[in-house]
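Counting in full-length UniProt numbering, the sequence shown runs from 1 upward without gaps.
It is possible that part of the hints are untrue.
Unchecked claim - Cut-off 25 Å, straight-line C-alpha distance, at most; resulting in silico cross-link-like pairs (DSS-like, lysine-lysine):
no. : residue 1 : residue 2
1   : K79       : K568
2   : K279      : K371
3   : K215      : K284
4   : K74       : K387
5   : K887      : K387
Unchecked claim - Pair by pair, the computed Cβ-Cβ distance ranges are:
no. : residue 1 : residue 2 : range
6   : Q888      : E24       : 44 to 50 Å
7   : V227      : D255      : 15 to 21 Å
8   : N70       : F818      : 57 to 63 Å
The hints are simulated quantities; they were obtained by calculation from the structure and are not laboratory data.
Quick caveat, the model's predicted, so the values are computed rather than measured.
We treat Cβ as the ideally placed atom computed from N, Cα and C, and that holds for glycine.
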Amino acid sequence: MDAKDEKRFNLALQINNFKASLVEFNKLVEQTTAQKKEERAGIFIPKEDSIDYDKFYTSVQQIFGPEVKNQDVKCFYRKLCNNPDAAFDWCEIFGYFSTDEDSLTSQMDEENLVFLVSRKQRIVIAGSRRRDVIKCIVKVPQLDLLITASQKGLITVFNSQMRAQTSTNVTDTSWITGCDYLGQLKRIVATTERTIIVWDYKAQGSSQEHYFVIKPMDHCLLCVCVVPLPDQLCRDDILLGDDGGFVNKFTVSSDDFGLKQAKTKKKLQTQVLDSKNFKSVKRKLHNDWVMKIRYIPALNCFGSCSLDSVHSLVLESLKRLEDNLPVREFAMPRGANSFCYCGKANVIVTGGDDKVLRLWHPNISTKPVGKLVGHMFSITEIASNEKEQHVISLSSAKVFRVWDIQTLSVLQVFHDSQGGPGDMQIYSMVYDANHGMLITGSGVIDMYPLTRMIQDTKQVPHTHEREVNVTLYNKYFHQVLTVCSESIIKVWELETGLQIYQILDPHGLSIELTCAAIDESGYLFATGAYNGTVKIWDFGSGQEMKMMPEGKDWVEEEHGLLRLFFLKPQVKQQHLILALERNGTIKIIQGKEDDIFLTVIWELPDAMPYLQYGSHIVHLKMSTKERTMAIPFPDVELIVQKTSQQTNYSPAVDVDVNCIDVFQTEGYNLIVCGTTNGMIILWNFIAASVKEIYRPEDCFSTDPELDPKRFRINDIMFLFRSPECVRRSSQDSICSSTQCDSSKGPQSSKGSKQSIHDTDVKGEHTDMVGEQQSASRRQPVPISSVEPQPPLLVSAHEDGHLRLWTLEGKLIKDMLPFTKHSAISLTSLYTDSCCRILLAGNVEGHVILCTISSFMDPPHDEKKFKQLLSWRAHSLEIIQVIYVEDKQVVLTASIDGSVRIWNSTSGHYCGYFGQRRMFDLSQTSDFILPCDVNEYPIEIKEESKFTEKTQKYEYPLIFDRERFADMLWKVS
1 MDAKDEKRFN LALQINNFKA SLVEFNKLVE QTTAQKKEER AGIFIPKEDS
51 IDYDKFYTSV QQIFGPEVKN QDVKCFYRKL CNNPDAAFDW CEIFGYFSTD
101 EDSLTSQMDE ENLVFLVSRK QRIVIAGSRR RDVIKCIVKV PQLDLLITAS
151 QKGLITVFNS QMRAQTSTNV TDTSWITGCD YLGQLKRIVA TTERTIIVWD
201 YKAQGSSQEH YFVIKPMDHC LLCVCVVPLP DQLCRDDILL GDDGGFVNKF
251 TVSSDDFGLK QAKTKKKLQT QVLDSKNFKS VKRKLHNDWV MKIRYIPALN
301 CFGSCSLDSV HSLVLESLKR LEDNLPVREF AMPRGANSFC YCGKANVIVT
351 GGDDKVLRLW HPNISTKPVG KLVGHMFSIT EIASNEKEQH VISLSSAKVF
401 RVWDIQTLSV LQVFHDSQGG PGDMQIYSMV YDANHGMLIT GSGVIDMYPL
451 TRMIQDTKQV PHTHEREVNV TLYNKYFHQV LTVCSESIIK VWELETGLQI
501 YQILDPHGLS IELTCAAIDE SGYLFATGAY NGTVKIWDFG SGQEMKMMPE
551 GKDWVEEEHG LLRLFFLKPQ VKQQHLILAL ERNGTIKIIQ GKEDDIFLTV
601 IWELPDAMPY LQYGSHIVHL KMSTKERTMA IPFPDVELIV QKTSQQTNYS
651 PAVDVDVNCI DVFQTEGYNL IVCGTTNGMI ILWNFIAASV KEIYRPEDCF
701 STDPELDPKR FRINDIMFLF RSPECVRRSS QDSICSSTQC DSSKGPQSSK
751 GSKQSIHDTD VKGEHTDMVG EQQSASRRQP VPISSVEPQP PLLVSAHEDG
801 HLRLWTLEGK LIKDMLPFTK HSAISLTSLY TDSCCRILLA GNVEGHVILC
851 TISSFMDPPH DEKKFKQLLS WRAHSLEIIQ VIYVEDKQVV LTASIDGSVR
901 IWNSTSGHYC GYFGQRRMFD LSQTSDFILP CDVNEYPIEI KEESKFTEKT
951 QKYEYPLIFD RERFADMLWK VS
């Protein structure tokens, strides 16, 4: 065998071996994926052969050899854990990723980008022509302020919009080395090489340049931090690190500054205070410069790092500064330049000149629990993002690395390439959790936003490729079901936003689904299509259980379904569905346990022709026909009385039923219908009647100049409070459980700064609770004595009005919701289980939130029906709005193809189903808007009754000569 043949043989052998390795690798991925799916579904049973990361990494090394990098395997494993249904390629295990997406999507890919460098914002230092650099940056989260201190003495305070709020110039011969915020004294402390500066940044006018200088100091000060003392007023402890390896603690109080200022008659720009007059203590903890010092409230101790290789990091309580007892010391080669503490992971991350990030357990100083290697130059700064569990490290070459603290993998590497040779060094770095921003200080201030913030504001949200037809919430599974016009069913996890499963073409190819419903138990859901077919599915697995096929003699789309409702079955293992067809027919569909087919067993007669003739009520005759299986509604026939009145009847007017609702409880058995010409029809099977609740004037007019849809009722619903809900305290209401606190919104329609949740609603609820408590103290009310009030009706109209009715047809509230543009057609209604709030959506994408808790109590005072919030959720029509009580969030579905989630107390945007990142419903501080919405939430407020001024005078004013006659005589 010559050399060429031998080479070909070896190559073929290698290819065959690699193909066999790929087969083994695919099997490993399938096993791991199946395990992760079971873990996510909660059905996984731990076994000895369960695959964790260590076993996965070992198996990959056995398959492909030891050359496989640990970091690449971790990235692949993390992707597999986050989305087991995603497509995987074997080349990813070697660090190569292929994508078919466009460049913009690839640029916005969260798997590759944590911070979007292309969206970097820059602020240039103002107020000085000399060359200066930002030496220190401090974020004050409770005030949402950012404090910067430049090397040559410019201290600036920025507000939440990153606009300079105030500043001062420290005229000192030495450079500034650090700064922090005194939480108790409400002042800013800064350190120069030989002094301590205390500045009252809130002072006005000429006093703004007034600050105190504390000196002399024994050594050159290099860093400073403030110890938060929430239990002590008007006093702060300051920790200082110097070039002698000492950690100093200074105690300052308001008396140290207020008394000195009071004795000085003339206000000077600076006042010098002797450092010996302050209570201080110090201890030498390092044999080299102290580079960083921080106080960690979660551990109730401070930390200081140094270039010392033996005493690199000291972690100890403040008491150790006053004695000589041993302290916790962490040693690392060439010391540490910076460190940070990660609370959730409970680790301290250090970095220094040896270019290695080390992770330490706070109580284990002998050996780090992990190492992160990748930097090529000395590590100068470290910051942490607690929410995302990220650590950001910066090297002296201006290279940033973002690490996942849980998987110890690198998520992003980027380099600040702007600036000349003199701008190479970045002196400070901080992560702003309030706004999702990484902020650095050099010759300028650079701000790097989180990719997810840009994704939420720049990428168009889309849950489906086509418009959404149906959205439902399963409160037992805490899952959301969505259906689009392309007939794709998707089920999502509410808390995370992850997709669980999807069903393609559930009723057949190109058959559009138009409605759906979830049964009371949450285990089943039904779907209805435009061709009249109905299917019942298992919610947990998505398996089809029963179906009703299309009728042979059905006209196309005539039997298309608009609404479905699950009814309470009279017999176990039986399914009953109330359906509304496009032609206005209302029928009951039955499903038996032993039959896979659904059948129509009951149909409501058409009463519209008789109500159109002028009759306001038609009586019903109960059928005597006996059924083998009981159903919720009896078989009825119309008792028609002959009448000659046939006025106002016009067959050209569309009077089809557009929406219905069902109400069944003890003493009530009702179906209400809203029609396309604005009529409200109530079927009462207890009173054996069908009557007209409301009929608009001229609803049968055929004037071609008028919009035929002007009276249409788009949604209708019963409002009923059960005895259990009546007994509940109103403190459980959405409006009193959480306060709205946002820097950007909601806006007030009347300009008041106080939240409506703190004024109107809270006061209203307080009064109500007080009345209930006083009544209960006077006379205890037994549970059985609480009688439920009759239900009310609420209707959403094409003219934009919300109208509330009694069952007798009395209009008790007619409201035009306040939005940016009034009189917008309403499309959807929703209320919570106890009718405390009412939600409505309209055709322009607005959500209207009203409180109706007090209004539901007799005598239904219309002044107690109050709109709280209004915000724009979509740029197009909303087809469904849902309120999730336990999470206090609102779900909105639109024809734009997206289903979005919002905070109900403030109207803050939380995300959309289908986005790359998972939801975090507990975090509402990031106020962002989708890219297709530019309107801030509007909070409706009423003037307080205590501030209203009553007019005591009649205008115009007339001088009363008789009253002041004597006075005029004396003057003359």
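Do the hints match the structure? See the list:
A distance of roughly 44 Å separates the Cα atoms of K79 and K568; the hinted pair therefore is violated under the 25 Å criterion. Between the alpha carbons of K279 and K371 the distance comes to roughly 41 Å, so the proposed pair goes past 25 Å and is violated. Restraint check: the Cα-Cα separation between K215 and K284 comes to about 20 Å, which is no more than 25 Å; the hinted pair holds. This hinted pair checks out: K74 and K387 have alpha carbons roughly 21 Å apart, not beyond 25 Å.
For the hint pairing K887 with K387, the CA-to-CA distance comes to about 19 Å; that is within 25 Å, so the pair holds. Checked against the given bound of 44 to 50 Å, the beta carbons of Q888 and E24, roughly 49 Å apart, stay inside it. Distance hint for V227 and D255: a CB-CB separation of about 18 Å, consistent with the stated range 15 to 21 Å. Against the hinted window of 57 to 63 Å, the Cβ-Cβ separation of N70 and F818 comes to about 58 Å, which satisfies the hint.
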